[in-house]
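**Q** Take the two lone chains and join them into the complex the hints point to.
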Amino acid sequence: MIDKQVATAADAVADIQDGSTVMIGGFGTAGMPDQLIEALIARGAGNLTIINNNAGNGEAGVAALIREGRVKKIICSFPRQSDSHHFDARYRADEIELELVPQGNLAARIQAAGAGLGAIFTPTGYGTSLAEGKETREIDGVNYVLEYPIRAEFGLIKAYRGDRWGNLVYRKTARNFGPIIAMAARTTIVQVDEVVPLGSLDPETVVTPGIFVQRVVGIPAATTNKRG
Amino acid sequence: MMRLNREEMARRVAQDIPEGAYVNLGIGLPTKVANYLPVDREVLLQSENGLLGMGPAPAPGDEDWDLINAGKQAVTLLTGGCYFHHADSFAMMRGGHLDICVLGAFQVAVNGDLANWHTGEPGAIPAVGGAMDLAIGAKKTLVMMELLTRDGRSKLVERCSYPLTGLGCTSRVYTDMAVFDLGSAGARVVETVEGCSVDDLRNLTGLVLEG
Numbered sequence: 272m273i274d275k276q277v278a279t280a281a282d283a284v285a286d287i288q289d290g291s292t293v294m295i296g297g298f299g300t301a302g303m304p305d306q307l308i309e310a311l312i313a314r315g316a317g318n319l320t321i322i323n324n325n326a327g328n329g330e331a332g333v334a335a336l337i338r339e340g341r342v343k344k345i346i347c348s349f350p351r352q353s354d355s356h357h358f359d360a361r362y363r364a365d366e367i368e369l370e371l372v373p374q375g376n377l378a379a380r381i382q383a384a385g386a387g388l389g390a391i392f393t394p395t396g397y398g399t400s401l402a403e404g405k406e407t408r409e410i411d412g413v414n415y416v417l418e419y420p421i422r423a424e425f426g427l428i429k430a431y432r433g434d435r436w437g438n439l440v441y442r443k444t445a446r447n448f449g450p451i452i453a454m455a456a457r458t459t460i461v462q463v464d465e466v467v468p469l470g471s472l473d474p475e476t477v478v479t480p481g482i483f484v485q486r487v488v489g490i491p492a493a494t495t496n497k498r499g
Numbered sequence: 002m003m004r005l006n007r008e009e010m011a012r013r014v015a016q017d018i019p020e021g022a023y024v025n026l027g028i029g030l031p032t033k034v035a036n037y038l039p040v041d042r043e044v045l046l047q048s049e050n051g052l053l054g055m056g057p058a059p060a061p062g063d064e065d066w067d068l069i070n071a072g073k074q075a076v077t078l079l080t081g082g083c084y085f086h087h088a089d090s091f092a093m094m095r096g097g098h099l100d101i102c103v104l105g106a107f108q109v110a111v112n113g114d115l116a117n118w119h120t121g122e123p124g125a126i127p128a129v130g131g132a133m134d135l136a137i138g139a140k141k142t143l144v145m146m147e148l149l150t151r152d153g154r155s156k157l158v159e160r161c162s163y164p165l166t167g168l169g170c171t172s173r174v175y176t177d178m179a180v181f182d183l184g185s186a187g188a189r190v191v192e193t194v195e196g197c198s199v200d201d202l203r204n205l206t207g208l209v210l211e212g
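In the order they appear, the protein sequences are chains E and L. The numbering used here puts the first residue of the first sequence at 272, with every later residue one more than the last. The numbering used here puts the first residue of the second sequence at 2, with every later residue one more than the last.
Okay, chain L solo, but in the shape it has when bound (with noise of 0.2 Å):
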């Protein structure tokens, strides 16, 4: 089977994002899918630190500290983008305006609940940001991931063993292998990579898997 690479995985999110949509992409992972974005597609970029119409990176030398994205890097404003204060950023989240939000996975359950801003290990400084605020406001939340941890354990899971992050949340999830369908009924198989079938990845999850 050829998994896909994480550049690849972002390609893939890339193709499901509509012209006009207004998306907000998480830290890590996500932000890759911007990259992928063709040109000719309006689409509106939100940080969640206050700015819609996000642009690239600037070059080095130019960055300006005060316009930076969540993840604070430097970034760039494209022409009709804008700022806004941070009550105003999650308004646009949990007040509906936002299409689509992308977000990484610590596991995700068959019926959409997300969990990405803690592992609860005994020691590990909580720190939660936008996470919960991101996963219950946007209209769609697209989880991107492997769908395997290095020691091989399915992310895709009956129901999450990690702190949540928000209940019932995440319509779809773009792994390596797979892209998933999820929901009250459970997961559904919308596509996989070239030589996975659908009992291939029954094996590897163990779950009840719709094909």
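The shape of chain E in the complex, shown without the other chains (with noise of 0.2 Å):
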């Protein structure tokens, strides 16, 4: 019987090591698997690269991974903002590394992790700074930026509604990253509001199919907050 349903979210992430790389869900805090990044932060892993297309909102999930000073480098879109305070500091004391992506070129590399592709051209970016010293190619007349995978060792991502098989639905605009990132992820673990019994999701409307799936966390609802 196939059954990825872990007890604890300690259970969960107990295999993530030092100097590990790790993708995060969550577009601020909407999809931020919050009680996975506690017990990550409670297993003391540091020297961690972390994927997210933030760098932390107010004191919660990646923030308080930079908090503990657990990251080494963030590969991110959008890292300052009003509430990116452990971040800023953190930066400016030259404390982690940033390598900043357009936020579709991070969505792009991810899936294509995913989707076993080898790279991938993008017109986004090209002529900018962000391009520097990559290769690039006209094709059809458009100007493309080649740009690398982006994988990972681990994911971590939120979801409404999970079985023991892993198929999950997501909350809104809580999905964002998710169905991504359980593709590129070599193991994906999952907090979900709810486990459910097989067979209790529609087929039709399952967003991410459980083979992209390794752990299933049942964590009761906590309504996301606001923050950033």
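Honestly, the hints are just simulated from the structure, not real lab data. In this text, all values refer to a predicted model and were calculated from it rather than measured experimentally. Note that beta-carbon positions come from the ideal geometry of N, C-alpha and C, so glycine has one too. One thing to keep in mind: the hints can contain errors.
As the list claims (entries may be wrong) - Listed next, the in silico EDC-like pairs over lysine to aspartate or glutamate satisfying Cα-Cα at most 20 Å (straight line):
| hint | chain 1 | residue 1 | chain 2 | residue 2 |
| --- | --- | --- | --- | --- |
| 1 | E | Lys443 | L | Asp41 |
| 2 | E | Lys443 | E | Asp464 |
| 3 | E | Lys443 | L | Asp200 |
Claimed, not checked - Label-pair ranges, simulated between beta-carbon atoms:
| hint | chain 1 | residue 1 | chain 2 | residue 2 | range |
| --- | --- | --- | --- | --- | --- |
| 4 | L | Glu159 | E | Asp365 | 36 to 44 Å |
| 5 | L | Gly184 | E | Ala313 | 55 to 63 Å |
| 6 | E | Asn414 | L | Pro59 | 37 to 45 Å |
| 7 | L | Glu8 | E | Asp473 | 42 to 50 Å |
| 8 | L | Tyr37 | E | Pro491 | 39 to 47 Å |
| 9 | E | Glu339 | L | Ser185 | 50 to 58 Å |
| 10 | E | Glu409 | L | Glu20 | 30 to 38 Å |
| 11 | E | Leu469 | L | Asp63 | 28 to 36 Å |
| 12 | L | Pro39 | E | Glu339 | 44 to 52 Å |
| 13 | L | Asp17 | E | Asp289 | 52 to 60 Å |
| 14 | L | Gly96 | E | His356 | 53 to 61 Å |
| 15 | L | Gln16 | E | Ser471 | 24 to 32 Å |
**A** Right, dumping it as structure tokens:
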């Protein structure tokens, strides 16, 4: 019997080691797997490379990882925000490395990793400082930049409901990066508001098929708070 | 000369958004355009974090923080609206499906080059978000901005000095004094506010402008 459920968030992240690359879902706070991140902080792994759209909002989630000094490098599109103070302080103190990627390229590179592509040619960023030093090509009169997939050993995401096979549905705009991170990470760990019996998710509306998910932890719904 | 205020600029941009258009309004000034779209015109607003058919802000107390826009403000979803993931969202831009995006700018060049993501100042933390994808992805990229900086320098320029967001991507600029069409042939004045002549604009910007 396939059962991807694990009992606790701590069990779910127990094999994330120092120096790991971890992709984390969420746009701002919507879809941010706060409880998995809390467990990761408690586990103590450091020197992490984190991939997320932002560089932390407020005090929880990615912000907490940065505050605790666990992040060596962050790959993101939009680090600077009104409540990104933990990132700002570490960045100004030269204690965190930043790789800035346009948001759509971030999504496309994550998707490329999950789809097994070797690279993509994207028009976004062509002629800008974010494409400096990168290979370019003109195809049918349009200029493109060669960008490589972004992979990760672990993916931490939040979904609304999931079953023991790992099939997932999301809630509203909390979906954001979840489906593509699930595909791109070697081990995808999902916190769901509710684990439901097999067969109770409508197969026509499953967003992430269970094949892309390795671990499911039920963490009863905490309302997403306003931050960022 | 009677310069348009920001609300009037938003109203002017809204006039040019046709029935049936799929539109992304950038963070900041462009967000105001939504307030001036006529209620009888069906325009679908996209927000790049993953929704199409974005509605107005909810009543205070009704916020659902799983339902936000790209500016991370609580919003609502119109009947018929839908959610999608980030790769689909940016495919809507890059793939040429989105009709219009309206963006703010630090500078726009007469050939359509856009600079709106980074001042390039030392010590400034860079953040690009979806700016570069939006700039080059929509079928039509419109910019709205005041024509002059606070100290009177033109933001419509021969060549951008700020770091670029996209090359030749802006087709039209709406300002508080005039509307300009841009392209490889340079800038053309489409209309001016009352009391403003094309020569006034030439003097203010120092640019060659087709009248």
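**Q** If a hint holds in the structure, say so; if it does not, say that too.
**A** Hints, verified against the model:
1. E/Lys443 <-> L/Asp41: Given pair E/Lys443, L/Asp41 is violated - Cα atoms ~26 Å apart, limit 20 Å.
2. E/Lys443 <-> E/Asp464: 13 Å, holds
3. E/Lys443 <-> L/Asp200: With Cα atoms ~51 Å apart, E/Lys443 and L/Asp200 exceed 20 Å; violated.
4. L/Glu159 <-> E/Asp365: 36 to 44 Å: 37 Å Cβ-Cβ, so the 36 to 44 Å window holds.
5. L/Gly184 <-> E/Ala313: 55 to 63 Å: 57 Å, holds
6. E/Asn414 <-> L/Pro59: 37 to 45 Å: 42 Å, holds
7. L/Glu8 <-> E/Asp473: 42 to 50 Å: Given about 45 Å between the Cβ atoms, the range holds.
8. L/Tyr37 <-> E/Pro491: 39 to 47 Å: 43 Å, holds
9. E/Glu339 <-> L/Ser185: 50 to 58 Å: 52 Å, holds
10. E/Glu409 <-> L/Glu20: 30 to 38 Å: The hinted range 30 to 38 Å holds for E/Glu409 and L/Glu20, with Cβ atoms some 36 Å apart.
11. E/Leu469 <-> L/Asp63: 28 to 36 Å: Once the Cβ atoms are compared, 35 Å apart, the range 28 to 36 Å for L/Asp63 and E/Leu469 holds.
12. L/Pro39 <-> E/Glu339: 44 to 52 Å: 51 Å, holds
13. L/Asp17 <-> E/Asp289: 52 to 60 Å: Holds: the Cβ-Cβ distance is about 55 Å, inside 52 to 60 Å.
14. L/Gly96 <-> E/His356: 53 to 61 Å: Violated: the Cβ-Cβ distance is about 37 Å, outside 53 to 61 Å.
15. L/Gln16 <-> E/Ser471: 24 to 32 Å: 49 Å, violated
Hints 1, 3, 14, 15, counting from the list given before, are not met by this structure.
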